[in-house]
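Just so you know, the sequences run in chain order C and X.
Each residue of the first sequence is one higher than the one before, starting from 0 at the first, in numbering that gives the first Met the number 0.
Each residue of the second sequence is one higher than the one before, starting from 0 at the first, in numbering that gives the first Met the number 0.
Please note that a few of the clues may not be correct.
What the hints assert, rightly or not - According to the in silico footprint, chain C covers these stretches of chain X (three or more CB under 8 angstroms from chain C):
(1) 159 to 167
(2) 307 to 314
(3) 553 to 565
(4) 571 to 584
(5) 618 to 624
(6) 635 to 647
Don't read these hints as lab results, they were simulated from the structure.
Every residue gets a Cβ at the ideal spot worked out from N, C-alpha and C, and that includes glycine.
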Amino acid sequence: MAGPARNLDELLAEAEAALAAAASVPELTETRARFLGRKGSLSGVLRGLGELPPEERARVGQEANRAKERIEALARERREALEQEGRGRALAEHRLDVTLPGAAPPRGHLHPVTRIEREMCAFFRSLGYSIEDGPEVDTDHNNFGALNFPDDHPARDTQDTFFVEGGHVLRTHTSNVQIRAMTGRTPPFRFIAPGRVYRHDLDPTHYPMFHQIEAFCVDEDVTFADLKGTLYAFARHLFGPDTKLRFRAHFFPFTEPSAEMDFWWKDRWLEWGGCGMIHPQVLRNCGIDPERHQGFAFGMGIDRTAMDRWAIPNIHLLFEGDARVVEQVG
Amino acid sequence: MKFSLTWLAEWVDLPESVDLLEERLTLGGLEIEERIASGPDLSALRVGHVLERGPHPNADRLSLCRVEVGEGEPLEIVCGAPNVAAGQKVAVALHGDVLPDGLKIKRSKIRGVTSNGMICSGRELGLGDDHDGILVLPEDAAVGAPLPSALPPGDVVLDVEITPNRGDWVSMLGMAREVRAQLGGALRLPPIDCPEAGAPAAESVRVAVEDAEGCHRYAARVVRGVRVAESPEWLQQRLEAAGVRPINNVVDVTNLVLLEFGQPLHAFDLAKLRGGVVRVRSAEPDEKIVTLDGQARQLAAEDLVIADAAGAIAVAGVMGGAESEVGDDTRDVLIESAHFQPARVRRTARRLGLHTDASYRFERGVDASGIERAAARAARLIQELAGGEVATGEVVALGRPPHRTEEIPLDPARVNRLLGTALSREEIGVLLERVDVAVEADGDGLRCRPPVYRNDLHIPVDLIEEVARVYGYDRIEPTLPDAALEGASEPTEHRLGALARDALCGAGLVELMTFSAFAPEDPDFLRLAADDPRRRTVTIVNPIQASAPWLRTTLVPSLLRATRQNLARQLDGVRVFEVSRVFRAARKEVALPEERLEACAVLAGETDPGFWGRGDVPPFFRAKGVATRLLEALGHEAEFRAGSDEPFLHPSVAGTLLVHGRPVVSLGELHPETAARYEIEAPTAVVTADLAALLDLEPELRRYEPVSRHPRVRRDLAVLLGRDVAAGEVLDAIRKAAGSALESARVFDRYEGRGVAEGKVSVAFRLDFQRPDRTLTDAEVTKATDKVVRMLAQRFGGELR
Numbered sequence: 000m001a002g003p004a005r006n007l008d009e010l011l012a013e014a015e016a017a018l019a020a021a022a023s024v025p026e027l028t029e030t031r032a033r034f035l036g037r038k039g040s041l042s043g044v045l046r047g048l049g050e051l052p053p054e055e056r057a058r059v060g061q062e063a064n065r066a067k068e069r070i071e072a073l074a075r076e077r078r079e080a081l082e083q084e085g086r087g088r089a090l091a092e093h094r095l096d097v098t099l100p101g102a103a104p105p106r107g108h109l110h111p112v113t114r115i116e117r118e119m120c121a122f123f124r125s126l127g128y129s130i131e132d133g134p135e136v137d138t139d140h141n142n143f144g145a146l147n148f149p150d151d152h153p154a155r156d157t158q159d160t161f162f163v164e165g166g167h168v169l170r171t172h173t174s175n176v177q178i179r180a181m182t183g184r185t186p187p188f189r190f191i192a193p194g195r196v197y198r199h200d201l202d203p204t205h206y207p208m209f210h211q212i213e214a215f216c217v218d219e220d221v222t223f224a225d226l227k228g229t230l231y232a233f234a235r236h237l238f239g240p241d242t243k244l245r246f247r248a249h250f251f252p253f254t255e256p257s258a259e260m261d262f263w264w265k266d267r268w269l270e271w272g273g274c275g276m277i278h279p280q281v282l283r284n285c286g287i288d289p290e291r292h293q294g295f296a297f298g299m300g301i302d303r304t305a306m307d308r309w310a311i312p313n314i315h316l317l318f319e320g321d322a323r324v325v326e327q328v329g
Numbered sequence: 000m001k002f003s004l005t006w007l008a009e010w011v012d013l014p015e016s017v018d019l020l021e022e023r024l025t026l027g028g029l030e031i032e033e034r035i036a037s038g039p040d041l042s043a044l045r046v047g048h049v050l051e052r053g054p055h056p057n058a059d060r061l062s063l064c065r066v067e068v069g070e071g072e073p074l075e076i077v078c079g080a081p082n083v084a085a086g087q088k089v090a091v092a093l094h095g096d097v098l099p100d101g102l103k104i105k106r107s108k109i110r111g112v113t114s115n116g117m118i119c120s121g122r123e124l125g126l127g128d129d130h131d132g133i134l135v136l137p138e139d140a141a142v143g144a145p146l147p148s149a150l151p152p153g154d155v156v157l158d159v160e161i162t163p164n165r166g167d168w169v170s171m172l173g174m175a176r177e178v179r180a181q182l183g184g185a186l187r188l189p190p191i192d193c194p195e196a197g198a199p200a201a202e203s204v205r206v207a208v209e210d211a212e213g214c215h216r217y218a219a220r221v222v223r224g225v226r227v228a229e230s231p232e233w234l235q236q237r238l239e240a241a242g243v244r245p246i247n248n249v250v251d252v253t254n255l256v257l258l259e260f261g262q263p264l265h266a267f268d269l270a271k272l273r274g275g276v277v278r279v280r281s282a283e284p285d286e287k288i289v290t291l292d293g294q295a296r297q298l299a300a301e302d303l304v305i306a307d308a309a310g311a312i313a314v315a316g317v318m319g320g321a322e323s324e325v326g327d328d329t330r331d332v333l334i335e336s337a338h339f340q341p342a343r344v345r346r347t348a349r350r351l352g353l354h355t356d357a358s359y360r361f362e363r364g365v366d367a368s369g370i371e372r373a374a375a376r377a378a379r380l381i382q383e384l385a386g387g388e389v390a391t392g393e394v395v396a397l398g399r400p401p402h403r404t405e406e407i408p409l410d411p412a413r414v415n416r417l418l419g420t421a422l423s424r425e426e427i428g429v430l431l432e433r434v435d436v437a438v439e440a441d442g443d444g445l446r447c448r449p450p451v452y453r454n455d456l457h458i459p460v461d462l463i464e465e466v467a468r469v470y471g472y473d474r475i476e477p478t479l480p481d482a483a484l485e486g487a488s489e490p491t492e493h494r495l496g497a498l499a500r501d502a503l504c505g506a507g508l509v510e511l512m513t514f515s516a517f518a519p520e521d522p523d524f525l526r527l528a529a530d531d532p533r534r535r536t537v538t539i540v541n542p543i544q545a546s547a548p549w550l551r552t553t554l555v556p557s558l559l560r561a562t563r564q565n566l567a568r569q570l571d572g573v574r575v576f577e578v579s580r581v582f583r584a585a586r587k588e589v590a591l592p593e594e595r596l597e598a599c600a601v602l603a604g605e606t607d608p609g610f611w612g613r614g615d616v617p618p619f620f621r622a623k624g625v626a627t628r629l630l631e632a633l634g635h636e637a638e639f640r641a642g643s644d645e646p647f648l649h650p651s652v653a654g655t656l657l658v659h660g661r662p663v664v665s666l667g668e669l670h671p672e673t674a675a676r677y678e679i680e681a682p683t684a685v686v687t688a689d690l691a692a693l694l695d696l697e698p699e700l701r702r703y704e705p706v707s708r709h710p711r712v713r714r715d716l717a718v719l720l721g722r723d724v725a726a727g728e729v730l731d732a733i734r735k736a737a738g739s740a741l742e743s744a745r746v747f748d749r750y751e752g753r754g755v756a757e758g759k760v761s762v763a764f765r766l767d768f769q770r771p772d773r774t775l776t777d778a779e780v781t782k783a784t785d786k787v788v789r790m791l792a793q794r795f796g797g798e799l800r
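Whenever a hint applies, use it, and build me the whole structure from the sequences.
Below, the structure written as structure tokens:
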């Protein structure tokens with residue numbers, strides 16, 4: 000009997016046309032259900048199999064299944080096409096003004112002195128130096144006496160000291176940490192001490208507060224050559240591999256030999272800090288035998304280094320509290 | 000100290016190149032502060048060529064010259080000098096040029112003829128006294144070139160900084176020695192021998208050193224029958240180049256010898272010396288003196304004075320007295336050359352606020368072996384310039400000799416071990432001899448005798464420094480130490496400070512650093528109670544500004560001032576912080592103040608919302624967010640408590656964060672009184688964190704807790720509550736009521752206004768449920784939520800919206 004077969008062909012053609020005409024995914028779903036759903040046309044055909052003679056039943060059944068698979072495949076293809084079309088449309092329609100600003104939480108800024116101090120500390124920690132702290136108000140002994148500044152000696156004039164009640168001083172350098180750190184310790188040791196220091200000096204190029212980093216290294220045979228080498232490594236870390244340094248003889252009561260060092264920056268020598276071999280009397284004052292142990296110490300202004308790095312023309316800009324200065328460089 | 004190279008060249012050979020000299024002196028420890036070309040600046044003037052000289056049509060004594068000046072047509076210049084002649088090269092000042100005496104040259108008519116400039120004499124150029132006629136330049140001078148190119152090179156003055164250990168450098172002799180040490184050559188000293196005549200000096204004066212500690216040595220010379228007058232030009236110029244004002248020939252000689260040898264001298268009018276005696280003694284009780292500057296000065300017992308039979312006539316080593324001053328009618332002069340104890344001179348100079356060329360040198364120590372030499376040199380020069388006779392002999396009195404090291408042993412191995420060099424014993428010896436240290440071999444070592452003028456050489460390392468200095472620091476090859484390494488450590492305070500800075504920076508704040516002092520009004524502006532420990536300020540004895548007499552006990556005032564300034568400068572809000580030490584006076588006066596690390600943040604004004612953000616977050620809540628973030632970063636779980644004891648915070652818009660029950664952070668809006676005091680009008684919130692309180696608190700130890708693989712169920716509840724109910728309390732109650740399946744609860748919206756009854760507020764809570772071990776059933780979540788809803792109704796009168 001040709002009925003169902005003819006019906007199946009017609010059904011297939013009808014389904015093909017209907018699926019192709021479906022304009023959206025929901026419409027397609029509905030169309031597919033019309034043919035393949037429980038109450039769909041093909042289901043009707045399959046339900047009608049039982050009424051067919053057994054010899055036709057297998058053939059028609061097979062054809063019906065093929066038709067079903069065919070419709071399924073057509074529906075899938077159509078669905079993919081529709082979805083792709085939809086994405087294409089969305090793609091074509093989605094527009095943003097990408098020149099509008101990005102959204103991120105507000106950014107904070109670290110002070111230039113903090114940033115340089117961290118760079119310096121990181122360098123020295125990589126060389127095995129421990130950080131050591133000391134008080135900003137200290138005794139005359141720790142700031143001067145133990146550092147070999149005699150009473151009533153002109154060397155004290157170079158320090159422009161702030162005195163506070165109780166006979167103490169605002170430390171004029173971080174070298175007070177040398178005394179505190181070395182006393183009671185046995186070499187070898189190496190320390191750095193960053194911190195705030197004070198000098199009684201206020202004019203367009205001086206501010207009464209600034210920051211130094213002190214470094215000292217004591218062992219049995221640490222030499223002046225080692226001091227130079229360490230400073231070269233440090234300077235090149237901060238300012239680049241071609242940095243040139245100059246060591247000028249100088250006088251500090253707490254080191255001997257002493258030197259001031261300059262680095263070559265934009266066609267001139269800029270003073271960077273002071274250094275030297277720790278004076279035997281200072282070692283003795285800290286309970287270290289200068290016949291057996293020796294070492295170097297140096298210190299430099301963190302602020303000055305920051306000013307050189309970012310071309311900040313005046314130290315006052317660092318401490319007058321203008322957030323715009325920090326925002327610029329931080 | 001300023002010294003002239005022309006003058007120095009009389010003492011020692013100088014290299015051709017000033018640059019080389021500067022470099023060697025600089026590396027050797029003499030910092031050159033300035034190189035000054037002395038003499039007038041004549042670089043605007045030029046060399047002219049007189050082409051023709053003719054008579055002036057209207058004046059017999061003037062001539063009219065045609066002068067080529069290197070550009071344009073030759074110019075007509077009227078000249079009054081008799082020696083001007085055609086063919087000469089001359090110095091020409093043109094219209095607009097300024098002469099050293101300030102005269103501005105203008106084109107002008109002289110007796111009816113236009114003169115386009117001026118042909119200058121040496122005097123007009125400031126080059127000398129010769130005013131007989133114009134200055135005639137060498138024939139080969141280039142026409143039109145700047146005038147200095149045709150003049151002999153002028154003097155160069157170097158201004159050097161002298162380190163306080165090198166008193167011996169503060170003289171021409173000292174500079175000459177240093178040049179010799181660095182560059183070699185021979186010293187040439189000025190003559191010191193003086194022809195003596197007449198009665199011995201000892202007949203005119205007796206000297207008694209009564210304070211033997213204060214005066215090591217005192218030498219007196221007498222010159223009789225001088226005529227006090229103005230010094231010759233050369234002497235005045237020498238003094239002026241060194242910044243010393245010429246007075247008269249006697250005083251000027253003492254100052255010249257001071258510059259030459261570094262030995263301060265003083266000249267007394269011998270006739271005014273009462274009792275014919277010089278006494279070097281301590282000041283007597285209530286003793287006064289009028290010093291040369293005309294000031295009456297009260298002396299103290301420890302001041303050393305020069306006295307005659309009647310009283311003090313000079314403050315030893317600092318300044319002479321007016322009474323015994325050498326003046327125009329002085330006939331006989333007493334010259335004092337002495338060695339006073341440095342610390343004594345320093346204390347007196349400081350106490351009197353009188354820092355002179357003499358005290359500067361005495362403080363640093365003068366050459367103990369040069370006392371008589373300087374006196375003789377001065378006597379000779381006075382005799383030469385002021386006439387009279389140098390009395391026979393000198394009068395010398397001694398006090399206790401200064402401490403001096405005769406001999407220092409030096410081990411060459413020690414030198415190399417300290418410097419990292421490989422110098423032989425012989426090389427070391429040669430280097431030391433260049434600075435006048437006498438060296439003798441002694442076994443493997445050296446025995447070294449420093450010169451008397453070096454009062455800074457006492458121990459071996461003093462000599463090692465000299466070896467390095469003369470050898471050249473630049474010749475020591477850099478190496479790196481190979482010391483044993485231990486793990487590098489960091490103090491807790493330093494670490495906490497770094498964490499706090501990172502957290503505050505990460506929260507979008509800008510770090511400031513401000514001066515560590517308070518203004519006198521700050522404690523009152525902060526409304527601190529009388530017994531607030533932050534009133535225990537440390538007083539700065541010598542403050543640099545009257546507005547900052549105390550060390551600060553909190554960072555708040557500094558940051559409020561910075562906030563005001565920043566608000567004034569910027570349109571958008573201010574968000575700043577500082578992490579610094581603050582100071583509290585110790586209870587015992589002798590103890591050091593307590594230093595505490597504090598963090599302070601200020602958020603003021605509108606936040607710039609940016610394009611996408613919300614700009615309307617009240618400063619208090621921004622501060623609360625910042626404070627919470629800060630403690631999280633420091634590793635602590637904080638408990639928030641409404642309200643704060645801080646007097647500078649708004650009493651009802653403030654809170655406290657506690658760690659282990661200890662208040663560590665205060666935050667809140669600024670109290671309106673404090674805000675008014677600091678003139679801050681924008682809404683402002685402040686956070687202060689006592690980081691020192693965290694030093695001995697272990698951070699929370701965090702442990703892993705299993706993360707759930709099961710779904711999370713979310714329930715949002717919008718609850719109508721009374722307006723005064725605190726959301727934080729409700730949230731705490733929700734957390735307790737919801738049972739163990741509640742993973743988190745938070746407030747996500749708060750609304751009042753249209754649609755919500757007056758006095759009520761709608762608060763939305765978001766509850767997330769999740770268990771680590773299994774999937775929750777809908778019924779379980781509903782049951783927990785119902786329990787919460789019942790609790791809200793019972794405890795807070797809340798009803799679901």
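Quick rundown of the hints versus the structure:
1. 159 to 167: Contact hint for the stretch 159 to 167 of chain X vs chain C: holds, 4 residues under 8 angstroms.
2. 307 to 314: With 0 residues close enough to chain C, the hint is violated.
3. 553 to 565: holds (count 6)
4. 571 to 584: holds (count 7)
5. 618 to 624: Result for this restraint: violated, n = 0.
6. 635 to 647: Three-residue rule not met by the stretch 635 to 647 of chain X, so violated; n is 0.
Of the hints listed earlier, those the structure fails to meet are numbers 2, 5, 6, in rising order.
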